[in-house]
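Enquirer: What follows is the residue order along each chain.
Number of protein chains: 2
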Amino acid sequence: MLESREWYLAAYAAEGIPTSDHLKLRTVVVDIDSIPDGHVALETLFISVDPYMRTRLTGLQDGISLHQFQLNQVINGFGAGRVIRSNDSNYKEGDVVLSPFSPVAEYCVIPSGFLRKLDPTNGIPLLDYFNTLGPPGFAAWLGIEVLGDPKPGSNVFISAASGAVGLCAGQLAKIRGCRVIGSTGTDEKVKLIKEKFGYDDGFNYNKETDLDAALSKYFPNGIDVYLDNVGGKMLEAVLNHVNLHARIPLCGMISQYNKVWTEREGVRNLLNLVGKEVKMEGFIISSYLDRFEDFAKQMESYLKDGKIKSKNKINFGIERLLDSLASLFSSSNIGKVVIQVKA
Amino acid sequence: MLESREWYLAAYAAEGIPTSDHLKLRTVVVDIDSIPDGHVALETLFISVDPYMRTRLTGLQDGISLHQFQLNQVINGFGAGRVIRSNDSNYKEGDVVLSPFSPVAEYCVIPSGFLRKLDPTNGIPLLDYFNTLGPPGFAAWLGIEVLGDPKPGSNVFISAASGAVGLCAGQLAKIRGCRVIGSTGTDEKVKLIKEKFGYDDGFNYNKETDLDAALSKYFPNGIDVYLDNVGGKMLEAVLNHVNLHARIPLCGMISQYNKVWTEREGVRNLLNLVGKEVKMEGFIISSYLDRFEDFAKQMESYLKDGKIKSKNKINFGIERLLDSLASLFSSSNIGKVVIQVKA
Numbered sequence: 001m002l003e004s005r006e007w008y009l010a011a012y013a014a015e016g017i018p019t020s021d022h023l024k025l026r027t028v029v030v031d032i033d034s035i036p037d038g039h040v041a042l043e044t045l046f047i048s049v050d051p052y053m054r055t056r057l058t059g060l061q062d063g064i065s066l067h068q069f070q071l072n073q074v075i076n077g078f079g080a081g082r083v084i085r086s087n088d089s090n091y092k093e094g095d096v097v098l099s100p101f102s103p104v105a106e107y108c109v110i111p112s113g114f115l116r117k118l119d120p121t122n123g124i125p126l127l128d129y130f131n132t133l134g135p136p137g138f139a140a141w142l143g144i145e146v147l148g149d150p151k152p153g154s155n156v157f158i159s160a161a162s163g164a165v166g167l168c169a170g171q172l173a174k175i176r177g178c179r180v181i182g183s184t185g186t187d188e189k190v191k192l193i194k195e196k197f198g199y200d201d202g203f204n205y206n207k208e209t210d211l212d213a214a215l216s217k218y219f220p221n222g223i224d225v226y227l228d229n230v231g232g233k234m235l236e237a238v239l240n241h242v243n244l245h246a247r248i249p250l251c252g253m254i255s256q257y258n259k260v261w262t263e264r265e266g267v268r269n270l271l272n273l274v275g276k277e278v279k280m281e282g283f284i285i286s287s288y289l290d291r292f293e294d295f296a297k298q299m300e301s302y303l304k305d306g307k308i309k310s311k312n313k314i315n316f317g318i319e320r321l322l323d324s325l326a327s328l329f330s331s332s333n334i335g336k337v338v339i340q341v342k343a
Numbered sequence: 001m002l003e004s005r006e007w008y009l010a011a012y013a014a015e016g017i018p019t020s021d022h023l024k025l026r027t028v029v030v031d032i033d034s035i036p037d038g039h040v041a042l043e044t045l046f047i048s049v050d051p052y053m054r055t056r057l058t059g060l061q062d063g064i065s066l067h068q069f070q071l072n073q074v075i076n077g078f079g080a081g082r083v084i085r086s087n088d089s090n091y092k093e094g095d096v097v098l099s100p101f102s103p104v105a106e107y108c109v110i111p112s113g114f115l116r117k118l119d120p121t122n123g124i125p126l127l128d129y130f131n132t133l134g135p136p137g138f139a140a141w142l143g144i145e146v147l148g149d150p151k152p153g154s155n156v157f158i159s160a161a162s163g164a165v166g167l168c169a170g171q172l173a174k175i176r177g178c179r180v181i182g183s184t185g186t187d188e189k190v191k192l193i194k195e196k197f198g199y200d201d202g203f204n205y206n207k208e209t210d211l212d213a214a215l216s217k218y219f220p221n222g223i224d225v226y227l228d229n230v231g232g233k234m235l236e237a238v239l240n241h242v243n244l245h246a247r248i249p250l251c252g253m254i255s256q257y258n259k260v261w262t263e264r265e266g267v268r269n270l271l272n273l274v275g276k277e278v279k280m281e282g283f284i285i286s287s288y289l290d291r292f293e294d295f296a297k298q299m300e301s302y303l304k305d306g307k308i309k310s311k312n313k314i315n316f317g318i319e320r321l322l323d324s325l326a327s328l329f330s331s332s333n334i335g336k337v338v339i340q341v342k343a
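In order, the protein sequences belong to chains A and B.
So the first sequence is numbered by the numbering used here: it starts at 1 and just counts up by one.
So the second sequence is numbered by the numbering used here: it starts at 1 and just counts up by one.
Check the hints yourself; a few may be wrong.
The list treats identical chains as interchangeable, and a pair is accepted whether it falls inside one copy or across any two copies.
[Claimed, not checked] No farther apart than 20 Å at their CA atoms in a straight line, the calculated lysine to aspartate or glutamate pairs in the EDC-like style are these: (1) Lys233 to Asp294; (2) Lys191 to Glu93; (3) Lys233 to Glu265; (4) Lys279 to Asp62; (5) Lys117 to Asp128; (6) Lys233 to Glu208.
In case anyone wonders, no lab produced these hints; they're calculated from the structure.
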């Protein structure tokens, strides 16, 4: 028997940034002495904190996700843990595993079916699996390599450019020989994407009173591919600058997650999609698992050759969930936000 | 020398339905006695009146079309004419030809490069080339067969269902074995699309105070393909009912053409495109000319087999341009609107 702290859903939050009214920490007892067949007990090492989590807390059946967290149940996310007991012969104590549905808890007993065992000898840092080799890297790869598919010389725009997806996507587009511009929320982050992550240029959307004018300045020849991570007013502004046959992979719309849909910013110029014959397409990484191996192979090779860099923001302690989640919506992070549960 | 009445652009109309302030009729003299090489003189038989024409009258570089009509110049559209003089050995007096850029005039002298000579012995009524075998039929075919591509049993929704595109698209989707629902602007037109054009059901959007509720009723299993001809509030309502991997070919957005973009209805729930991984794609028929032969072959066979029917609204006399154009925006027509210039 082990005491374990876990985050559970106390109340849905249709609007606003979730608070301790909605997500609460409690201590439960985990029975690691009678583990069911095909299950393992894990000590959690890291939990990924992602914008899509917000969309699972609304209690509504719209928007980005249909899979709402359940009231009074522990919430889950992408995580890594160390096996401390096993009732599956494929896993033994000490194995480090990834899980897409890791309880946000210090310890857990979970089915081994969705786990992926890591090879400790391959030299890949664990957090790479949360970043470039994990969900954000895969989303960036799908957005650029599969759906956006820009040609050399194309003009590529990426919003939330200093987030985990944006940092990776910008570098992938540069590898393809594109001109890449990013938007982000502070001057410091603009500097960073240009100086450390290869963006050709970027701007601070908080300082631009007129997004349309900003895009005119940064895209005198229009936009060929826009990887949308924010939605709302930025998407609207982009639609005034799209080139013929532009492609807009919709990875997420973080500016919209804290509002019920009737309160969201309406995009008024969708007619431009007709005139410019634009293709706009939403995607969810779990629908493209048949491409994961292609992605992993290419990304590992880029990492080995030093062509892709990444950045993590590590918050220590499971109690950091609420502020980690809130930080996604406040322009305060660079790169991937993770909680390190076990020091 | 011939006297000819023609419609010319006197002033752009950024908003509202164009009036005699914007489009004016004048009489000019056409010189048919010295026709340049590679030109023909035509007596106009029919002129097509289409929603996209409205978008060429704004004087703005946004929306559906970049090709604005020029001030003080005769406007043009899809038309048919009879050759009355020719300076091109491929055309002789009496030939009937189609032109995508026919001056809206009683007579004209134009280059023969874009003309298509019709075969008077093939038994196809001339107005079929304006309807099922012309731009509306091609748009419907691209929307259903190429971009929408619904499977048998799919739930297909078509707005402006009693317009030329909508009538044809509904029948094409029925041939594919889909369940097809249409929206249109009067009860009479709802009855018509169901009784004469094979729609499974339909509703009058002017009577539905809650489009969301209407779609819940008509699509208990969600929408797989939406051929959008109207945009705005209807598109927004549809996005609350899309199924996973739904496709939305954007053919036009007639509800939006009479407003400058900042005054248009914003679509607030684009986030649903992400969660449902929807593909939304604008298209213009002139970009798909490589598919025209495939289209024409299939459509001619459907017409021969009586599988596709059509309807025309013929207004007599070139002076009918303004009311013909206005009628497109007032729910007053069924099928293709044409002006018969020569009785």
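Enquirer: Taking the hints in turn, state whether each one holds.
Expert: Each hint, compared with the structure:
no.: 1; hint: Lys233 to Asp294; result: neither (34 Å within a copy, 40 Å between copies)
no.: 2; hint: Lys191 to Glu93; result: neither (44 Å within a copy, 70 Å between copies)
no.: 3; hint: Lys233 to Glu265; result: both (7 Å within a copy, 14 Å between copies)
no.: 4; hint: Lys279 to Asp62; result: between (22 Å within a copy, 17 Å between copies)
no.: 5; hint: Lys117 to Asp128; result: within (14 Å within a copy, 64 Å between copies)
no.: 6; hint: Lys233 to Glu208; result: within (12 Å within a copy, 30 Å between copies)
Checked against the numbered hints listed earlier, the structure breaks hints 1 and 2; every other hint is satisfied.
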